[in-house]
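Engineer: Each chain, written out:
Protein chains: 2
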Amino acid sequence: MVRFLTSNAVALEARSDGLVDQTVRSIHDLIRGEKLQVGQALPSETALAVRLGVSRVVVREAFRSLAAVKLIDLGTGRRARVAAPDSSVLALTLDHSVHIDQTSVQQVLDVRRTIEMRTVALAALRRTDADAVRIATFARNMSDDFLNGERVMGHDIAFHEAIAAASKNPVFELLVGAFHVVTRQTWPIGWAARARDADRRAVIAFHVEIASAIAAREPQRAERAMAEHFDNSTKALLAAGIT
Amino acid sequence: MVRFLTSNAVALEARSDGLVDQTVRSIHDLIRGEKLQVGQALPSETALAVRLGVSRVVVREAFRSLAAVKLIDLGTGRRARVAAPDSSVLALTLDHSVHIDQTSVQQVLDVRRTIEMRTVALAALRRTDADAVRIATFARNMSDDFLNGERVMGHDIAFHEAIAAASKNPVFELLVGAFHVVTRQTWPIGWAARARDADRRAVIAFHVEIASAIAAREPQRAERAMAEHFDNSTKALLAAGIT
DNA sequence: ATTTATAAACATGTCCTACAGGTATGGTGA
DNA sequence: TCACCATACCTGTAGGACATGTTTATAAAT
Chain A
74 MVRFLTSNAV ALEARSDGLV DQTVRSIHDL IRGEKLQVGQ ALPSETALAV
124 RLGVSRVVVR EAFRSLAAVK LIDLGTGRRA RVAAPDSSVL ALTLDHSVHI
174 DQTSVQQVLD VRRTIEMRTV ALAALRRTDA DAVRIATFAR NMSDDFLNGE
224 RVMGHDIAFH EAIAAASKNP VFELLVGAFH VVTRQTWPIG WAARARDADR
274 RAVIAFHVEI ASAIAAREPQ RAERAMAEHF DNSTKALLAA GIT
Chain B
74 MVRFLTSNAV ALEARSDGLV DQTVRSIHDL IRGEKLQVGQ ALPSETALAV
124 RLGVSRVVVR EAFRSLAAVK LIDLGTGRRA RVAAPDSSVL ALTLDHSVHI
174 DQTSVQQVLD VRRTIEMRTV ALAALRRTDA DAVRIATFAR NMSDDFLNGE
224 RVMGHDIAFH EAIAAASKNP VFELLVGAFH VVTRQTWPIG WAARARDADR
274 RAVIAFHVEI ASAIAAREPQ RAERAMAEHF DNSTKALLAA GIT
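If you're matching them up, the sequences are chains A and B in order. Going by the numbering used here, the final residue of the first sequence carries number 316, and the count climbs one at a time with no gaps. Going by the numbering used here, the final residue of the second sequence carries number 316, and the count climbs one at a time with no gaps.
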């Protein structure tokens, strides 16, 4: 993988009046410049404060900013370390966006459908045997815990996460992970909307079918099943008044 | 390439003790509880400090955390206000992920392709006349500024952004916007990899074709053109050694 | 009476000092 | 060699102080 070392900082609050923002950029550049990898430690607050000519308070606030977007990890008594990105930040953004009425649940579902139709196809192509087993297991767990909605939801989410992992693309994994936050809030509604046992069994059947297609390495079949699964969910939520 | 992507549950900052994290949650709950809308003001730092029984430092760090993920806006002398989510946070995450070698450019491209095939189809269905004009204009601008790579890139990015906007789904807009950060770094490489004018013209032809399909309200044609466009770019970057 | 100018009240930005408590490191003793 | 502990280092939180920016209310001017 060729590296383009234009460590040009991403418009990270481009123009800033404040020392904190400047410090955030300095630290950002520092990580880039020293090519720090995940887990490596940054200088201590005091050391940075001296080096950058600001007070420790400023460095602390800058650290908090970077930690909030998961660029670094903080811990009492330990120096800050470079962190691996995770989905929590995007999850927060989405969650907030929905709550603030900037986005509808259906819109989120459309995006999920788009993405997961791809992840499932990739999973069918790139899954390891262990992936296939994991995925199938979650589908079976859904069936086994049929009476306990809470647990079915847990398996459902784990199922989709496992598929994303099997796609071998961390960006997809990131996105799928982020959507779970919204899923957790809407899933019970969709489950309740499917009052009849037959409808609930159908939901699980979709998962079994998807797992089977992945195991058989049939991307198109997997994709089709995933699409139907989402269409079914979309309808259920619509029926429950979730737009 | 080593990966750590810790995709795990999330929501409101793990149960990490620490007054700052608790305060972040409190403020988060406050926004939810009071159903504050974008633009509305939060209590002042001092007021919150008193109310939550913590020092002002703690509230400030909590504010910084929330501002870093764009849940609130901060400004000197002004009270903090609820903010609308934007793509900069995810952009940072992606950028960081690529720089830390957690993600390859090709993986990002795959995600982009997946998403933009959908946005372009939606755009073809839901575009307004103004959207169609905007999109076509950017394509024409690319052609007009053919000799100036920097400007072509600008039009290219604006083109894709306009399509996302025409999809009328803010989540897609958010995602597409976030990818631009990576695009800005890889685009010049792809352009350089297409040494012959004919190859460069072909790139622009794809955009013209996409714009035309959107104008004609032909989602499938638009989708196909977009797919070809991405396949072409993927190949160009591969040829340049970008994996 | 409406508008403008100005002053006061309020809010954030930054610094300093202080100390409690967590972490890691190295040395000592078994 | 290994376990244990003292110690130096580091982060977490508090309170006070003051500069600077913003809003509001009052007063002056048209």
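Keep in mind the hints are simulated off the structure, nothing from the lab. If you're wondering where the values come from, they're calculated on a predicted model, not measured in any experiment. Keep in mind that the hints are not guaranteed to be accurate.
Which copy is meant is left open, because identical chains are indistinguishable; a pair holds if it fits in one copy or across any two.
Calculated lysine to any residue pairs in the SDA-like style (CA-CA distance at most 20 Å, straight line) [to be verified]:
1) K241 / G112
2) K308 / W260
3) K241 / F279
4) K108 / S216
5) K241 / R290
6) K241 / R186
7) K241 / T307
8) K308 / V206
9) K308 / D183
10) K308 / Q179
11) K241 / V206
12) K241 / Q175
13) K108 / L311
14) K308 / P261
15) K108 / D174
16) K108 / A309
17) K241 / A157
18) K108 / G150
19) K241 / D183
Engineer: Decide, hint by hint, whether the structure agrees.
Structural biologist: Hint check results:
In this assembly of identical chains, the alpha carbons of K241 and G112 never lie at most 20 Å apart, being 22 Å within a copy and 40 Å across copies at closest. When the C-alpha separation of K308 and W260 is checked against a cutoff of 20 Å, the pair qualifies only within one copy, where the shortest distance is 13 Å, while the shortest distance between copies is 40 Å. In this assembly of identical chains, the alpha carbons of K241 and F279 never lie at most 20 Å apart, being 22 Å within a copy and 29 Å across copies at closest. For a Cα distance limit of 20 Å, the shortest separation of K108 from S216 qualifies neither inside one copy, at 47 Å, nor across copies, at 38 Å.
For the homomeric pair K241 and R290, the shortest alpha-carbon distance inside one copy (15 Å) is at most 20 Å, but the shortest distance between copies (35 Å) is not. In this assembly of identical chains, the alpha carbons of K241 and R186 lie at most 20 Å apart whether taken from the same copy (18 Å) or from different copies (16 Å). In this assembly of identical chains, K241 and T307 lie within 20 Å of each other by CA distance solely across copies; the values are 18 Å between and 27 Å within a copy. Taking the closest pair of Cα atoms, K308 and V206 never come within 20 Å of each other, the shortest separation being 30 Å inside a single copy and 34 Å across copies.
For the homomeric pair K308 and D183, the shortest alpha-carbon distance inside one copy (12 Å) is at most 20 Å, but the shortest distance between copies (29 Å) is not. Taking the shortest alpha-carbon separations for K308 and Q179, only the intra-copy value of 10 Å comes in at or below 20 Å, while the best inter-copy value is 34 Å. Taking CA atoms no more than 20 Å apart as the test, K241 paired with V206 passes inside one copy only; the shortest distance there is 16 Å, against 39 Å between copies. Taking CA atoms no more than 20 Å apart as the test, K241 paired with Q175 passes between copies only; the shortest distance there is 12 Å, against 31 Å inside one copy.
In this homomeric assembly, K108 and L311 never come within 20 Å of each other (Cα to Cα): the closest approach is 48 Å inside a single copy and 24 Å across copies. With identical chains, the CA atoms of K308 and P261 are at most 20 Å apart within one copy only, with a shortest distance of 14 Å there and 44 Å across copies. Within a single copy, K108 and D174 get their C-alpha atoms only as close as 40 Å, which misses the 20 Å cut-off; across copies the closest is 10 Å, which meets it. In this assembly of identical chains, K108 and A309 lie within 20 Å of each other by CA distance neither inside one copy nor across copies; the values are 48 Å within and 27 Å between.
For the identical chains of this complex, K241 and A157 are intra-copy neighbours only, at 16 Å inside a copy versus 32 Å across copies, given an alpha-carbon limit of 20 Å. Proximity of K108 to G150 under the C-alpha cut-off of 20 Å is found in neither arrangement, the shortest distances being 24 Å within a copy and 37 Å between copies. For the homomeric pair K241 and D183, the shortest alpha-carbon distance between copies (12 Å) is at most 20 Å, but the shortest distance inside one copy (22 Å) is not.
When each numbered hint is compared with the structure, violations occur for hints 1, 3, 4, 8, 13, 16 and 18.
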